[in-house]
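Protein chains: 2
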Amino acid sequence: MISQTTEYALRAVVWLAANPEKPLTAQQIAVATRVPAGYLAKVLQGLSRAGLLHSQRGLGGGFTLERSPNSLTMWEVVQAVDPLKRIRECPLGFDAHKNTLCPLHEQLDFAIATIEKMFTACKISKLIDPEHPCSPLCASVPKAKATGNSKRGKR
Amino acid sequence: MISQTTEYALRAVVWLAANPEKPLTAQQIAVATRVPAGYLAKVLQGLSRAGLLHSQRGLGGGFTLERSPNSLTMWEVVQAVDPLKRIRECPLGFDAHKNTLCPLHEQLDFAIATIEKMFTACKISKLIDPEHPCSPLCASVPKAKATGNSKRGKR
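For the protein sequence lines, the chains are F and G, in the order given. So for the first sequence, this note's numbering puts the first residue at 1; every next one is plus one. So for the second sequence, this note's numbering puts the first residue at 1; every next one is plus one.
Honestly, the hints are just simulated from the structure, not real lab data. One should not assume that every hint holds.
Given that identical chains are not distinguished, each listed pair holds provided it fits within a single copy or across any two copies.
Once the Cα atoms are required to be at most 30 Å apart in a straight line, the calculated BS3-like pairs of lysine-lysine come out as [claimed, not checked]:
| hint | residue 1 | residue 2 |
| --- | --- | --- |
| 1 | K117 | K22 |
| 2 | K22 | K42 |
| 3 | K85 | K117 |
| 4 | K42 | K126 |
| 5 | K123 | K22 |
Using the sequences and the accompanying hints, generate a full structural model.
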């Protein structure tokens, strides 16, 4: 449903959001997110072209998020790399369906609209929630737990 | 979000459901659904293998639905040809995420679960509703309107 490219883009964005201290190289992001380096390079290019990442060349350079995780949504990331397209007109090209889709395409479009709504409501900051029992894309315990300030406490 | 293969499969199933009088050949379905014949042949094979279609060889042969449109769901058709897969375990393979997905994969799985629920609730019979203002996959006016028994009346 969500393409591999989109899933990789979300991993990269989440990792950058969770590690904002300094720019990260493509290689560092590839290792952390377990995405093949060549594939990730293209994904990062796409995100940069869409204005979601800032890339800085040279020593100490790398990628940073161009937007705050509090304002950037999952939907924007999806649409930047492999957009989900709403069904605005009859895919069969029938003139009679110009203003009203048939029940099949109405239902399919409703499904896409539901995902659009869901991902638009989900900010990237929600995906790096330190209170969540599982750290984003990371094999270690959550930051909140590690520093002992988790509301959930240790388990 | 929904693959081309899945969308073609749904078109074929809807067309067969709307035209149950006699078996339809692959060529007849291809013309009606505006799907390239070669592509559709593979889709029909997939649907047959999954037990959703019955195919009958010879003169007067063709495809019919194996199940009633009142019991067959959109989800079953999707899963028969190009299944949407729930995220049951960490795609990065982290041991620490075995029992709890990270927020990103939790969110992605929730999206897939939502579509699963939506398509499971949608029977194929709903997609050939004669009261709908738009006939399924057909450039003509709805049957209900044509016979003058639509609750919506003529527009």
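- Task: Measure nothing new, just compare the shortest in-copy and cross-copy C-alpha distances for K22 and K42 to 30 Å and report within, between, both or neither.
- Result: within (21 Å within a copy, 51 Å between copies)
- Query: At most 30 Å between C-alpha atoms: does K117 with K22 qualify within a copy, between copies, both, or neither?
  - Reply: neither (32 Å within a copy, 42 Å between copies)
- Task: Go through the copies and call it for K85 and K117: within, between, both or neither, with a Cα cutoff of 30 Å.
- Result: For K85 and K117, the Cα distance is within 30 Å both inside one copy (13 Å) and across copies (21 Å).
- Indicate which option fits the pair K42, K126 if close means a Cα-Cα distance not exceeding 30 Å: within, between, both or neither. So K42 and K126 pass the 30 Å test inside one copy only (25 Å; across, 42 Å).
- Message: If the cut is 30 Å between Cα atoms, do K123 and K22 qualify within a copy, between copies, both or neither?
- Response: Only inside one copy: K123 and K22 sit 21 Å apart there, 52 Å across copies, limit 30 Å.
Hint violations for this structure: number 1 only, all remaining hints satisfied.
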